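A.B. asks: Put chain B on the given structure of chain A with help from the hints.
Those sequence lines, one after another, are chains A and B.
Quick note: the first sequence, position 95, residue 95 per my numbering, numbers continuous.
Quick note: the second sequence, position 171, residue 171 per my numbering, numbers continuous.
These are calculated hints, taken from the structure and not from any lab test.
Careful: at least some of the hints might be erroneous.
[As the list claims (entries may be wrong)] Straight line, CA to CA, 20 Å or less: simulated EDC-like cross-link-like pairs of lysine to aspartate or glutamate:
(1) Lys131(B) - Asp290(A)
(2) Lys131(B) - Asp286(A)
(3) Lys131(B) - Asp32(A)
[To be verified] Over 12 Å on every C-beta distance to chain B, these chain A residues come out as not near it, computed from the model:
(4) Leu51
(5) Leu147
(6) Ser201
(7) Ala246
(8) Ala291
[What the hints assert, rightly or not] Taking beta-carbon pairs under 8 Å as the criterion, some of the chain B residues facing chain A (in silico):
(9) Pro31
(10) Gly251
(11) Asn270
Quick caveat, the model's predicted, so the values are computed rather than measured.
Yeah, the Cβ is synthetic: ideal placement off N, Cα and C, and Gly gets one too.
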Amino acid sequence: MSVPAPAILTAPVAAPVATSYWRLVSRRLARDPATLIAGSLLGAIVLAAVLAPALAPYDPAAGSIRMRLSPIGTVGHPLGTDEQGRDMLSRLLFGGRMTLLAGLTPIVVACLFGGVLGILAGYLGGAANSIIMRASDIFYAFPAILLAIAISGALGPGLGNTLISLSVVFLPRIIRVAEAVTVQTKSLEYVAAARASGAGSWPIVRYHLLPNVLAPILVFTSTQVSLSIILAAGLSFLGLGVTPPAAEWGLMLNTLRQSIYVDAWVPALPGVAIFVVSMAFNLLSDGLRDAMEVRG
Amino acid sequence: MWSLVLRRLLLTLPTLLGASLIVFAMVKLAPGDPISILMPPDAGKAEIEAVKEALGLDRPLPVQYLKWLERAVVHGDLGRSIATRRPVVQDVLDALRNSVILAVASSMLALIPGLALGTLAAFQRGGVVDKVVSAVAITGVSVPHYWAGIMLVIVFSVQLGWFPAMGGPSDPGIGPYIRHMLLPAVALALIPLGVITRVVRSAVLDILAQEFVLTLRVKGLYTGSLVRHVLKNASPQILTVMGLQFGFALGGSVLVETVFSWPGTGYLLNIAIFQRDMPLLQGIILVLSTTFVLLNLAVDVLQSLIDPRIVRG
Numbered sequence: 001m002s003v004p005a006p007a008i009l010t011a012p013v014a015a016p017v018a019t020s021y022w023r024l025v026s027r028r029l030a031r032d033p034a035t036l037i038a039g040s041l042l043g044a045i046v047l048a049a050v051l052a053p054a055l056a057p058y059d060p061a062a063g064s065i066r067m068r069l070s071p072i073g074t075v076g077h078p079l080g081t082d083e084q085g086r087d088m089l090s091r092l093l094f095g096g097r098m099t100l101l102a103g104l105t106p107i108v109v110a111c112l113f114g115g116v117l118g119i120l121a122g123y124l125g126g127a128a129n130s131i132i133m134r135a136s137d138i139f140y141a142f143p144a145i146l147l148a149i150a151i152s153g154a155l156g157p158g159l160g161n162t163l164i165s166l167s168v169v170f171l172p173r174i175i176r177v178a179e180a181v182t183v184q185t186k187s188l189e190y191v192a193a194a195r196a197s198g199a200g201s202w203p204i205v206r207y208h209l210l211p212n213v214l215a216p217i218l219v220f221t222s223t224q225v226s227l228s229i230i231l232a233a234g235l236s237f238l239g240l241g242v243t244p245p246a247a248e249w250g251l252m253l254n255t256l257r258q259s260i261y262v263d264a265w266v267p268a269l270p271g272v273a274i275f276v277v278s279m280a281f282n283l284l285s286d287g288l289r290d291a292m293e294v295r296g
Numbered sequence: 001m002w003s004l005v006l007r008r009l010l011l012t013l014p015t016l017l018g019a020s021l022i023v024f025a026m027v028k029l030a031p032g033d034p035i036s037i038l039m040p041p042d043a044g045k046a047e048i049e050a051v052k053e054a055l056g057l058d059r060p061l062p063v064q065y066l067k068w069l070e071r072a073v074v075h076g077d078l079g080r081s082i083a084t085r086r087p088v089v090q091d092v093l094d095a096l097r098n099s100v101i102l103a104v105a106s107s108m109l110a111l112i113p114g115l116a117l118g119t120l121a122a123f124q125r126g127g128v129v130d131k132v133v134s135a136v137a138i139t140g141v142s143v144p145h146y147w148a149g150i151m152l153v154i155v156f157s158v159q160l161g162w163f164p165a166m167g168g169p170s171d172p173g174i175g176p177y178i179r180h181m182l183l184p185a186v187a188l189a190l191i192p193l194g195v196i197t198r199v200v201r202s203a204v205l206d207i208l209a210q211e212f213v214l215t216l217r218v219k220g221l222y223t224g225s226l227v228r229h230v231l232k233n234a235s236p237q238i239l240t241v242m243g244l245q246f247g248f249a250l251g252g253s254v255l256v257e258t259v260f261s262w263p264g265t266g267y268l269l270n271i272a273i274f275q276r277d278m279p280l281l282q283g284i285i286l287v288l289s290t291t292f293v294l295l296n297l298a299v300d301v302l303q304s305l306i307d308p309r310i311v312r313g
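Okay, chain B solo, but in the shape it has when bound:
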């Protein structure tokens, strides 16, 4: 198993390098001279050159990239935020914790009903239940989740007053944390719920069409045990879609976190963009994409463990 993990890890290295190159290039392509933000408008030419040299901005781009990458990988140093002067790594990791918790919660909110609805629809193919589930699923995938967030605030915060409209938990403890997290988690779960339902339905239908299911049925197996057999066989596909949807929740949280002012990476990213705080922007995207790549790696490895027939790369 460890050789498998190692092999997959080696294969993700080029992807991670490429991603870091994109993150670096993105900021270099951004309009505006980073020096002009740092320096007073009346700074002389010599002073500007001195600052450039001190920051390494006078060197050729490939050298700058390698230096940046070396600091990030070897020392875990992503530079300092231009606005707050705090180390970027600290802020990003704090925010990432909140984002990951939100993403896990919304993935669960999507997975459990999605699994149940998709299986139910496949077993009742063509029936009323199937039609209703399909309608629910297509509604789910079509919802602009930021708008769903606003609607949840209108109903549950403004009208009913059950949940806080925004912000992170001000009081310590798990209760307030969950109360603040529930609405954003539901908003973020809608699209994954639709996607998972659709994938589970079609995966289960594929399995149901296989001959071993017929054998099980002929044997007189109860539907309950049949479902267990079918889901076990559909699990690699379900795992793949789960991984992708967790990634969606991590990335999509930018919009939902903005609606709810949830103190995660999305909220931080929004701040970075509007203050044009490029080191912070770079750091957030690098950390999020690395998380995403490692997550996909984990999904791949898990898949091979569940079903040894799947050996890729």
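Chain A with its partners taken away, still in its complex shape:
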């Protein structure tokens, strides 16, 4: 016959109070209505863009001379048709893929490389810092839009060149923020304590710097997404981005611009799409900033 375990041991242990930072952030995000709405809207738009081939009622490139510029609400074309008689709904769905791809890729690239370079510059200091920071300072001599247009203008139109030029625009900005927060964090006492207790470079970076610099870098990056999307569509709008006949929101806005005297509303649609996506990203970024308690 076994001795019953003392009650104190079998009683359910209270859940540990220390929740991880990221769990806290996601819990706060889930409680913020504006973030939730913006997030689900973006989720729906991204899903619609990914599933465009299945969702689009028509081939986005197939036009019909007889159906040119049908107004919104035309039977069979709920969002009307463009100046070549192509279905607007289908083109907006396919256009979203291009705009999102062209706007988000440079941000991801810039965040990865800019984050690494900035943290390195901040952590190493000295000559490495000077080289990285002075090189990125030079790009601050150009307003962002001008730099994007100038690089794209010199390289020529095309999705690839758009991605290159926008990455160059955002890279120095993220490097600057990453360097600043790294320098700030490095000077904190717990880093000095870790070093004094014999921690090497890698453990300090991995366990003391990274967890603390990641949130500010991510929040700053998220503030740049909407600008990147506006610029990506803007480059196509100028004829420097995605080339026809592909569907892209900025490009659609450009070709439909000539038709505003015929119908004012169909040409407005691609711009509405850019606007809604850019606004949703801004709301999301505000929510992220509040949830992560990053100032700025």
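C.D. replies: Positioned in the frame of chain A, the structure of chain B alone reads:
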């Protein structure tokens, strides 16, 4: 003060040099051989070499860069446009005048309401006014300004017929100039309006949290005078964002000028890009980036004058 200006000016020199290097490299990296645009397709090898030598294109790149820079800085010569054969400098400066006027107008259209809305929202923190202003500001920063331009044309030119849809002023005089400029200026002001409102709001909130504000309040100062004290303290931050937004207006005008065919640098840049007129492209970007750098310099100096505590570099 002059020693401060001089010191800051010296510090901007490396930036300007770096910018010129980027502008030079951008065009050298561009696909296509500049010679092939100039020469007839049946030109012989010897002739091509002769033209290359005459243009200095046979020399090593660093030498070409230094020559180009020397001509630009010492003689103010940015070469000739390939399409029009006119000196680039003249065309760029004419266009820059129109762009700067447009940028100033849109900066004012953004600053005045932005300042008022941001201050109001901060003083009414958490209230209905604050929420409405925040909504206006986030809408402003999210608008693709070229699309806003098209919408303004649809409403005010096509539907109402109040303002011309595009082009520069054809008649001389200030009236037609303003009538042509108003819609592009409004389109260009939207994003800066949103940004300025947000920055002013957070700057004023920071100041309001400081102890001297409490003292002023305890003293029984009227809200009007309090606002003056607060804005004075927030002015360095507001000045910084103004400088950046003016730069945005200068650069962002490329898209808006294209929508409205406003005869500024953006419109010219668009022409240069599509005619692959590289000397013109180079000239525009060099002039615009120099303007931008000098503007930032002016902001820095002004900031130190307003608040002597800020001494940087």
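A.B. asks: Check each numbered hint against the structure and report the violated ones by number, ascending.
C.D. replies: As far as the earlier hints go, only 5 is violated by this structure.
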